[in-house]
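Asker: Residue-level listing of the chains:
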Amino acid sequence: MSDSFDLRYPADGSVLSVEGLEVRQGERLVVFGPNGAGKTTLIRLLAGTLPGGPAFDSAYLPQSPYLFRGSAGFNMGLGLSAEEASRARYLADRLGVGDLLQYEASSLSGGEAQRVAVARVLAVRSPWVLLDEPLSAQDEQDRMMVAAVIIEELGDRGAVIITHDRQEAAVLGDRMAVLVGGRLLQEGPVDEVFSLPAVDAVAAAVGIGNVIDGEVVDVEGPLTALRAGEMTVWGIGEVETGHPARAVFGAEAVTLFRGREGAAGSARNRWVGTVTELRDLGQLVEVVIDVGSRVVALVTPGSQEVLQLGPGANVTLTVKATAVRVNPT
Amino acid sequence: MDFIFEVVGDALGALSGFGEELRRVLGLTLVVSLLATLFGVAIGVPLGAWIAMARTRVRTVWLVAVNIGMGMPPVLAGLALLLLLWDSGPLGGLELLFTPSAMVAAQTLLAIPIAAGVTAGAIKGLPPAALEQLAALSLSGIQRGKVVLIEVWPGVLAAVAAAFGRVVSEVGAVLVVGGNIVGETRVLTTAIVQETRQANFGEALALGLVLVLLAGAINGFLTWMQLRNARYE
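Same order as they appear, the protein sequences are chains A and B.
Going by the working numbering, the first residue of the first sequence is number 1, and it counts up by one from there.
Going by the working numbering, the first residue of the second sequence is number 1, and it counts up by one from there.
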């Protein structure tokens with residue numbers, strides 16, 4: 001099941017004007033954009049808390065979940081059926097807030113309150129789930145755990161997830177829509193949007209980056225090796241061997257050398273490939289390289305000349321493992 | 001200045017001399033004002049919650065009505081009720097005029113807008129995140145009202161205090177529909193008017209002190225409840 005929405009707010013579209021926003025069952029659509037881009041307006045229209053949106057049977061997590069006077073458990077159970085409430089309790093346990101449900105809601109920290117609200121919204125048996133910045137109040141060490149529970153519990157439902165964080169977008173999204181100034185600038189698979197921004201405004205908002213999907217083949221201390229086709233990517237992460245994962249790193253983290261031999265040094269990731277495309281971004285040039293997977297790098301026009309980079313050129317790429325995040329998928 | 005001292009002296013003397021009559025006046029004052037507060041709050045608080053949260057344009061009409069009602073002169077409310085309850089009026093058959101029931105009805109009319117206005121104000125004062133969360137929960141109207149009223153509980157107590165303060169201190173409405181009949185419909189405020197008109201200033205002042213103590217005791221209790229329930233301290 002899928003649906004396509006035209007969203008406009010207010011009626012003249014001065015704050016938000018989006019045409020053909022597509023949502024599909026079984027898919028997580030991340031809406032990404034800088035502050036003030038209209039992301040919250042978009043999700044509030046979908047949720048029906050702003051007038052003028054479509055009628056949409058959804059469970060909705062607002063940006064700042066609010067817990068009312070009463071226990072955390074009372075808040076979690078508001079409006080839930082008995083079956084949903086027991087699911088919510090199970091999820092609260094998994095999110096590490098099960099023991100806090102008996103306490104007065106005002107005694108919970110912001111992160112704990114958000115996890116209670118996440119447990120509640122995921123428990124609602126609704127075919128669509130709308131999450132506005134679901135990880136915003138989480139500490140670094142809890143973020144991936146909460147993300148994993150969200151992904152698992154969404155299952156084959158459809159979701160729209162708002163974020164302004166690249167890492168969260170890469171972890172939570174299947175597809176990604178970039179919103180800038182109330183307009184939808186690009187929509188597509190997450191890795192494509194990160195590596196091939198359609199216009200400069202998207203590149204500026206998202207930052208140009210690399211997203212590589214594969215399977216974890218090795219773990220050495222804090223470092224995890226991900227295998228994607230011919231290519232091995234080392235990065236920081238906590239995913240066990242044999243599990244699917246996604247490596248994320250910025251285009252600025254990639255260093256380029258001319259030829260197949262260059263590049264001595266300590267960088268853990270070292271790949272050889274062929275330049276397929278060059279894109280002028282004004283101050284910088286984006287270089288698209290085929291190393292088995294597609295990797296993008298940024299160079300100055302000066303370096304492009306020195307390295308004699310053109311389509312078909314052979315290059316060696318290095319990336320420090322510490323600049324790469326490996327996240328579970 | 002001697003005159004003032006003399007009146008205060010008389011008042012203190014009168015306080016010790018009050019007997020059966022004062023007990024009756026005090027008792028009726030309490031019964032009438034507490035019942036009117038109870039009815040006024042029972043109607044006004046849900047009305048205020050509805051005005052604050054309803055998504056229809058009709059609520060604006062009600063908001064205007066409530067705001068006018070909050071400033072309604074009590075004597076006018078009394079007069080309106082008097083016309084309704086008059087022998088040949090539309091509700092004359094009930095034969096309620098000059099009874100405590102009519103006084104309760106009149107004061108209830110005064111209490112409803114105050115309770116509604118204060119409640120609506122408290123709900124409007126909730127942070128936007130609370131209202132967004134409330135809309136996100138897809139609750140029934142009753143459930144939503146319950147959550148909101150618990151959330152603004154100190155505001156609801158303020159509504160109770162304001163309604164009680166309004167009715168216990170007013171004289172116009174109870175005088176018009178009650179008639180200030182000794183032993184039947186005389187309450188503290190109408191008794192004060194009566195004693196003042198007869199130049200019994202000592203007695204009037206003594207009754208005033210009793211009224212202040214009564215109102216102070218009840219509103220003091222409500223204040224204590226409010227502080228005990230304050231969420232942010």
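In case anyone wonders, no lab produced these hints; they're calculated from the structure.
A portion of the hints provided could be inaccurate.
[Said to hold, decoys possible] The following label-pair restraints were derived from C-beta to C-beta distances:
hint : chain 1 : residue 1 : chain 2 : residue 2 : range
1    : A       : 241       : B       : 54        : 37 to 43 Å
2    : B       : 140       : A       : 52        : 21 to 27 Å
3    : B       : 95        : A       : 103       : 33 to 39 Å
4    : A       : 70        : B       : 27        : 56 to 62 Å
5    : A       : 70        : B       : 199       : 54 to 60 Å
6    : A       : 305       : B       : 127       : 55 to 61 Å
7    : B       : 72        : A       : 90        : 35 to 41 Å
8    : B       : 127       : A       : 152       : 30 to 36 Å
9    : B       : 54        : A       : 125       : 24 to 30 Å
10   : A       : 192       : B       : 121       : 24 to 30 Å
11   : A       : 25        : B       : 42        : 33 to 39 Å
12   : B       : 42        : A       : 188       : 56 to 62 Å
13   : A       : 103       : B       : 9         : 57 to 63 Å
[Stated by the list, open to error] Lysine to any residue pairs mimicking SDA-like chemistry, simulated, CA-CA at most 25 Å apart:
hint : chain 1 : residue 1 : chain 2 : residue 2
14   : B       : 124       : A       : 222
15   : B       : 146       : A       : 243
16   : B       : 146       : A       : 70
17   : B       : 146       : A       : 309
18   : A       : 320       : A       : 309
19   : B       : 146       : B       : 224
20   : B       : 146       : A       : 192
21   : A       : 320       : A       : 128
22   : B       : 146       : B       : 226
23   : B       : 146       : A       : 320
24   : A       : 320       : A       : 243
25   : B       : 146       : A       : 252
26   : B       : 146       : B       : 12
27   : B       : 146       : A       : 102
28   : B       : 146       : A       : 84
29   : B       : 124       : A       : 40
30   : A       : 320       : A       : 184
31   : B       : 124       : A       : 243
32   : B       : 146       : B       : 223
Here a beta-carbon is modelled for each residue, glycine too, at the ideal position from N, C-alpha and C.
Asker: Indicate, hint by hint, whether the structure satisfies it.
Answerer: Hint-by-hint comparison with the structure:
{"no.": "1", "hint": "241(A) to 54(B): 37 to 43 Å", "verdict": "violated (58 Å)"}
{"no.": "2", "hint": "140(B) to 52(A): 21 to 27 Å", "verdict": "holds (24 Å)"}
{"no.": "3", "hint": "95(B) to 103(A): 33 to 39 Å", "verdict": "violated (57 Å)"}
{"no.": "4", "hint": "70(A) to 27(B): 56 to 62 Å", "verdict": "violated (39 Å)"}
{"no.": "5", "hint": "70(A) to 199(B): 54 to 60 Å", "verdict": "holds (57 Å)"}
{"no.": "6", "hint": "305(A) to 127(B): 55 to 61 Å", "verdict": "holds (57 Å)"}
{"no.": "7", "hint": "72(B) to 90(A): 35 to 41 Å", "verdict": "violated (55 Å)"}
{"no.": "8", "hint": "127(B) to 152(A): 30 to 36 Å", "verdict": "holds (32 Å)"}
{"no.": "9", "hint": "54(B) to 125(A): 24 to 30 Å", "verdict": "holds (28 Å)"}
{"no.": "10", "hint": "192(A) to 121(B): 24 to 30 Å", "verdict": "violated (52 Å)"}
{"no.": "11", "hint": "25(A) to 42(B): 33 to 39 Å", "verdict": "violated (48 Å)"}
{"no.": "12", "hint": "42(B) to 188(A): 56 to 62 Å", "verdict": "holds (58 Å)"}
{"no.": "13", "hint": "103(A) to 9(B): 57 to 63 Å", "verdict": "holds (59 Å)"}
{"no.": "14", "hint": "124(B) to 222(A)", "verdict": "violated (51 Å)"}
{"no.": "15", "hint": "146(B) to 243(A)", "verdict": "violated (47 Å)"}
{"no.": "16", "hint": "146(B) to 70(A)", "verdict": "holds (12 Å)"}
{"no.": "17", "hint": "146(B) to 309(A)", "verdict": "violated (68 Å)"}
{"no.": "18", "hint": "320(A) to 309(A)", "verdict": "holds (22 Å)"}
{"no.": "19", "hint": "146(B) to 224(B)", "verdict": "holds (22 Å)"}
{"no.": "20", "hint": "146(B) to 192(A)", "verdict": "violated (48 Å)"}
{"no.": "21", "hint": "320(A) to 128(A)", "verdict": "violated (39 Å)"}
{"no.": "22", "hint": "146(B) to 226(B)", "verdict": "holds (18 Å)"}
{"no.": "23", "hint": "146(B) to 320(A)", "verdict": "violated (57 Å)"}
{"no.": "24", "hint": "320(A) to 243(A)", "verdict": "holds (22 Å)"}
{"no.": "25", "hint": "146(B) to 252(A)", "verdict": "violated (54 Å)"}
{"no.": "26", "hint": "146(B) to 12(B)", "verdict": "violated (48 Å)"}
{"no.": "27", "hint": "146(B) to 102(A)", "verdict": "holds (20 Å)"}
{"no.": "28", "hint": "146(B) to 84(A)", "verdict": "holds (21 Å)"}
{"no.": "29", "hint": "124(B) to 40(A)", "verdict": "holds (22 Å)"}
{"no.": "30", "hint": "320(A) to 184(A)", "verdict": "violated (34 Å)"}
{"no.": "31", "hint": "124(B) to 243(A)", "verdict": "violated (51 Å)"}
{"no.": "32", "hint": "146(B) to 223(B)", "verdict": "holds (22 Å)"}
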